[in-house]
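Number of protein chains: 2
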Amino acid sequence: MVLYKYDNMAILIKNVLLEGKKRNIYIKGNLIAAISEAGNNKEAEFVIDGKDKAAIPGLFNAHTHAAMTLLRGYADDMQLQEWLSTKIWPIEERMTEEDVYWGTKLACLEMIKSGTVFFNDMYWHWRGSVRAVMESGIRAALSAVFIDGFDEGRAKEQMKRNETLYEESKNLPERIIFMLGPHAIYTVSEESLCWVRDFAEEHDLLVHIHLSETEREVRECVEVYGMRPVEFLDSIGFLSPRTIAPHCVHLSRKEIEILKKRDVKIVHTPVSNMKLASGRMPYEELKWAGLRSNIALGTDGCASNNNLDMFEEMKIASLFQKAFSGDTTSMPAEEAFALATRNAAKMFRLNSGTIAKGKLADVVLLDLKQVKLVPNHNLISNIVYSANGSCVDTVICDGRILMEDRKVEGEEEIKKKAERVAYELVNRNSP
Amino acid sequence: MVLYKYDNMAILIKNVLLEGKKRNIYIKGNLIAAISEAGNNKEAEFVIDGKDKAAIPGLFNAHTHAAMTLLRGYADDMQLQEWLSTKIWPIEERMTEEDVYWGTKLACLEMIKSGTVFFNDMYWHWRGSVRAVMESGIRAALSAVFIDGFDEGRAKEQMKRNETLYEESKNLPERIIFMLGPHAIYTVSEESLCWVRDFAEEHDLLVHIHLSETEREVRECVEVYGMRPVEFLDSIGFLSPRTIAPHCVHLSRKEIEILKKRDVKIVHTPVSNMKLASGRMPYEELKWAGLRSNIALGTDGCASNNNLDMFEEMKIASLFQKAFSGDTTSMPAEEAFALATRNAAKMFRLNSGTIAKGKLADVVLLDLKQVKLVPNHNLISNIVYSANGSCVDTVICDGRILMEDRKVEGEEEIKKKAERVAYELVNRNSP
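Residue numbers (this note's numbering), protein chains in the order written: chain A, 1117 to 1547; chain B, 1117 to 1547.
Next comes chain A alone, as it looks inside the complex (with noise of 0.2 angstroms):
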């Protein structure tokens, strides 16, 4: 089985339910390259049979630090700052590149046995992402932390930094996109973020930045600035379609207007907001502005989740929406799905996002057998309401098999790995 191994290979999904049809879907390369109805059968190197399953686009998670697995379970319950100060930072300065590259290797293996085929990520030691990217076969956004703590000497740096790897990443496949990531507004100088203002436009690269997760940052801002966050960055010119913002829970009309008029892409993180009470995003206020198409779903880091599951966090999406309106019609199932595929594809330039002919091969099928989703009256409320990522059978992404039948390449070694540098890690003294 799996990964590699069919590199380059035709595949047929024979037989699989595809929008409520019957469909031959036929990949070749990295792309879809023909859907057919069922029954006529072209050849293929490679042929999955489809009986049983549905084909869905694979999902999209538009907001991870996906090394934090190693710190699942580690610290919770805990009031937002103790928990920081206490229990987060402190491991995370003395994470080494292994111990992200594990962390990272762990969390790809959980979103793809979860159907994941895409994760946007801002973390440290960016080169331990970037290997286990490559050796996963997932698609990745991949940005460093850039945090300047207000120092000019840290800002130097991260700005060489930033240059020197965006240079590395040129050499890497298409399915790795190089991000900037400046950390937020109450850890990035405004110097620094028009520095990464100019260079993104430079090189026109997008920009993963956290903004107005929580009260704390607005009434700061509103402290330093005299403005709040989203005007704040708008002043200095900062925001734009480029720019990529988790969160985003503390809003003013007027920022929701600036937000549309800049085109700003938005990522929802339903459980880390509930986990860490830090808020709700205005879904239905942003929708109203003309954003809908621009929102997107993500996980945030497992330390503040504690899984990578898209399906639960599209679930419960819906649900807090609905729970926070007051209205049982608030973001019905297939808009929660729309944001955790079509949208989240849109927002980092990828031809991906929906099943169809020249789209990029990232297909998930769904194994209809779960008692999940048995019966299937409606297989997108299945699939927002009921299902979960265990329901997930196989994975191509950018065309190549990454999940058969549950199974994929090296996860024992993985797992085993990954735990053994998590607890090493948090037992380790401090540099």
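Simulated from the structure, these hints should not be mistaken for laboratory data.
Please note that a few of the clues may not be correct.
The list treats identical chains as interchangeable, and a pair is accepted whether it falls inside one copy or across any two copies.
Stated by the list, open to error - Below 30 angstroms or equal to it, Euclidean Cα-Cα: the simulated DSSO-like pairs (lysine-lysine) are:
| hint | residue 1 | residue 2 |
| --- | --- | --- |
| 1 | K1462 | K1370 |
| 2 | K1523 | K1533 |
| 3 | K1485 | K1203 |
| 4 | K1158 | K1523 |
| 5 | K1523 | K1130 |
| 6 | K1130 | K1144 |
Starting from the structure of chain A, add chain B where the hints point.
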């Protein structure tokens, strides 16, 4: 494998992780006969290798309408009243005992596959549910829906029917508990509620009643009775330690005091309350009032959830409370786990909910090699915040192995038949 095959066999679970230590668990009949250090192996007729597994008590689903699995995904994202009157009620009206039997079979299968060993049900065609539970091997408290629509004739019918069913229930195995199921204060007359109160007291029966689920229920109660729902029920002496009340979303301080005074049991149903935008049960307030161990957790029916996965329910319960209270320390993992295990066992007067010598043998083994459970810094945290039902490997209920290595006897037939019944049901003409 599986069901009934190992009846009355002594079972040894060897070398399993139990509360952080490697243990042997011996099961004899339907009880846990001994727990000893791993290594000191006694004899047993049947041995389960506990390597890479953790033993936890089986989960309790304290509020369901099990046969509604047939309507999973049939109608979502609608206004509550439209949903009930155009989708749910017309179909329930044409359900037969055979439909309920297959729907409950499917529900039992789903629950076993996700580590649930008990459910508290209220539904139509009680005998259909009983047959399904008899065959599945799971525990259940089963009540027939008691609705009189404030009609004297229907009330008499319902009383007679419950007397008959109660008599029938005396022949059932101990793992099936007969309960009374007055639907709610807005569907059952005061006279009938008084009859339920007396019949339950006379025969020491538990009583299952939806309570304070929606604002409308509260408003109408005040209009009709001049009191809020809990006050009204208390005014007729209805509330007792045997009252099991799902939802309890809209409670005044005075009502919380009454619930405490009467030692009423409460079932939190977070997913259903969020999906139907009903509001949030005030968990922290109930805890402060001394009701912490009186609260259990339920999924509600599959039409408003849309699955029966208690792992998911624990996570969402905790997230819901954190998000609404703004307090990241609200409902920590340990408490969510207690809601789904020992609190519920106490509520239903079952010697279960923990793993200890002399307790009922309701034991679930988790597969620690599932990627969601790696690394294992804190098992309870992983269970509540990361796992889902697919992490369950083995389910033992009442001393019987209902699932081993994720295989349940008769699974394929149940899914196939229930699916057929579901499609036929929604397409059937009204009677």
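Violations among the numbered hints: none
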